[in-house]
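Let the sequences and hints guide you as you build the complete structure.
Chains as they are written, first to last, in this note's numbering: chain A, 874 to 1215; chain B, 874 to 1215.
Just so you know, these hints were derived from the structure itself, not from any lab. Be aware that one or more of the hints could be misleading.
[To be verified] Estimated spans, in silico, between C-beta atoms of each pair: (1) Ala1213/B / Asp959/A: 49 to 57 Å; (2) Arg1061/B / Pro1161/A: 52 to 60 Å; (3) Lys1022/A / Arg990/B: 47 to 55 Å; (4) Gly1166/A / Gly1054/B: 44 to 52 Å; (5) Gly966/B / Gly1054/A: 29 to 37 Å; (6) Met1002/B / Gly1027/A: 27 to 35 Å; (7) Glu1018/A / Ala1106/B: 49 to 57 Å; (8) Asp1023/A / Gly1054/B: 30 to 38 Å; (9) Gly1027/A / Arg1061/B: 22 to 30 Å; (10) Phe1140/A / Gly1054/B: 52 to 60 Å; (11) Thr1021/A / Leu1045/B: 39 to 47 Å; (12) Thr1215/B / Pro1046/A: 31 to 39 Å; (13) Ser1037/A / Thr1215/B: 13 to 21 Å.
A quick note: this is a predicted structure, and the numbers were derived from the prediction, not measured. No residue lacks a Cβ here, since even glycine has one placed at the ideal position from N, Cα and C.
There are 2 protein chains.
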Amino acid sequence: MILRVALPWRNGLRFRVPSGSRGCCRSAHNTLRNDDGRPIVISPPLVSLDIPDDWAPCPAHSCFSSPISSSNEQTATVIDGKFIADEIKTRIGSEVRRMKEGIGMVPGLAVIVVGYRRDSQTYVRNKMMACAEVGIKSMVAQLPEDCTKDQLLGALSSFDADPSVHGILVQLPLPQHLDEGKVLDVLRPEKDVDGFHPLNMGNLAMRGREPLFIPCTPKGCIEMLLRSGVEIAGRKATVIGRSNIVGLPTSLLLQRHHATVSIVHAFTKNPELITFVIDVGTNPVEDPSSEHGYRLTGDVCYEEAVRVASAITPVPGGVGPMTIAMLLSNTLDSAKRVYAFT
Amino acid sequence: MILRVALPWRNGLRFRVPSGSRGCCRSAHNTLRNDDGRPIVISPPLVSLDIPDDWAPCPAHSCFSSPISSSNEQTATVIDGKFIADEIKTRIGSEVRRMKEGIGMVPGLAVIVVGYRRDSQTYVRNKMMACAEVGIKSMVAQLPEDCTKDQLLGALSSFDADPSVHGILVQLPLPQHLDEGKVLDVLRPEKDVDGFHPLNMGNLAMRGREPLFIPCTPKGCIEMLLRSGVEIAGRKATVIGRSNIVGLPTSLLLQRHHATVSIVHAFTKNPELITFVIDVGTNPVEDPSSEHGYRLTGDVCYEEAVRVASAITPVPGGVGPMTIAMLLSNTLDSAKRVYAFT
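Here is the structure:
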């Protein structure tokens, strides 16, 4: 019973799932159902996720899509991240409206982008659109590729001083000449909605402490598991990759939820069997037929994994939308803290 | 090839080692030897351990003691923590003298103790004696069991303001009425020689970052492994227990050294096989025949483990002396940073 979370591995290397091991993870067949037989999206609260514990059952659509029939007997439950994210965004939207009606304020998110990487531009555009959907005010500082450290810190400190900004994020990666660590150190932990400040990370790691923010992608992964009825406590979880922004916080968060966590990385010799796959990879693949000239795929060989895992998230439509929903949730949390709005 | 680090488990539960698995960890037989055939204590530097990389070979004594002959065929190499710690203390002593001669300053360590737990009193006494041995100035603030939070914070801030104090540690555990987390938050990371501040922990967890201090017990464990010629990179390491002061930082530190780390805790179902044991447990056992009325034992069933592990540390004489040596090393590092003394 291994719950494997596949995170960005080496660039270009797609992770292959060994066949022959199938887990006992709860599948669509034993999803909790209400009296009508309709599936209930269970929503235990995430650490510091300040939104209600009880959620309405999904009206017409389950967060588990039905297994697609195939000659190769696909049995993995496909977790629909986009559906879960939409549910969360709807709830965040109503919280934002309640805040606006109650105190005349809305949460504000500021994004700093350096340069014009097409993947970064896409991510930022998606974040802005999601903010608009739920009523969060958003603003972007677009800096040139060759901007100086001082220009970047200047943008940071002006957002830091702006009381209408409750969350600031620096879109990563930064160009080589800028030291990410030093830039992130300057960001106040109180506005660090990405949760990448070492103080937030330390508080995530330590028992009995609460970070002000949990990094959005790991938070989205755990939220998907919880809402899909996967019990994390006592399960073995293998995290592939140990980056500061995904692998590390995911392992810390799984451990907070009492999983027995193993972290696999470039030095690991024999990665173990898989029964559950959350694919956090996003690799741009050239595709002239698609709107932007490329499309995104995950790190996992989906066609193989879907036949041996007990549940899986697709790319796109899995972790991506959840990450954005968690960013909105973190920004809302931040504004609530500032205004002492409950 | 599992390298298992046994950390404090549940109180009173001694960890039993399943037989039948023996690792391929480097034993006394293949310790590096110099031209005379004498073993060389290898000393790669620990992260932030600011003492020289090359160490003199052990003159007459190896840090590996010879296997004791036994009818039950003990094959585990016993790692002599006390010997390694003495080596390190000798080096720290000469560094302190060099500092005193060079700039007329010595490192200073302040310890705050609340109440009169006999184990805490023993630990503090040992730390003070070790400071005296190497020439580090030490001072203790002994507060009554029922002291208020403000009294404790007062002691902390007076040491914080004292420029001759380069390291402050609050002896844990504190009495129930005092919130450890809140007390440790007040300690400035620059004097946090125990490395328990969340900012130091976050920087320990994150790649590309350096904590100002690494917690002493984990640092001592890794140092023992490195000096015993155990290669950590690529090995599987299982950390039993996930406390903030031992289990968590040990797993983070092993991961920094590129081990594939699994963390086993109360929710874990089937802990795996063992080949290497570092016993970090210290359990006081009533013993009227001993000087203080009790003696210390580890968490591991030593008599069993010594027959199946490839290497093992005893209690006492394993991790304990290393912890103190690392505290001295952290205090020395702190003073060097303050005085920009290299």
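Hints, verified against the model:
no. : hint                              : in the structure
1   : Ala1213/B / Asp959/A: 49 to 57 Å  : holds (56 Å)
2   : Arg1061/B / Pro1161/A: 52 to 60 Å : holds (57 Å)
3   : Lys1022/A / Arg990/B: 47 to 55 Å  : holds (49 Å)
4   : Gly1166/A / Gly1054/B: 44 to 52 Å : holds (50 Å)
5   : Gly966/B / Gly1054/A: 29 to 37 Å  : holds (35 Å)
6   : Met1002/B / Gly1027/A: 27 to 35 Å : violated (53 Å)
7   : Glu1018/A / Ala1106/B: 49 to 57 Å : violated (36 Å)
8   : Asp1023/A / Gly1054/B: 30 to 38 Å : holds (36 Å)
9   : Gly1027/A / Arg1061/B: 22 to 30 Å : holds (28 Å)
10  : Phe1140/A / Gly1054/B: 52 to 60 Å : violated (33 Å)
11  : Thr1021/A / Leu1045/B: 39 to 47 Å : holds (45 Å)
12  : Thr1215/B / Pro1046/A: 31 to 39 Å : holds (33 Å)
13  : Ser1037/A / Thr1215/B: 13 to 21 Å : violated (47 Å)
Of the numbered hints listed earlier, those contradicted by the structure are 6, 7, 10, 13.
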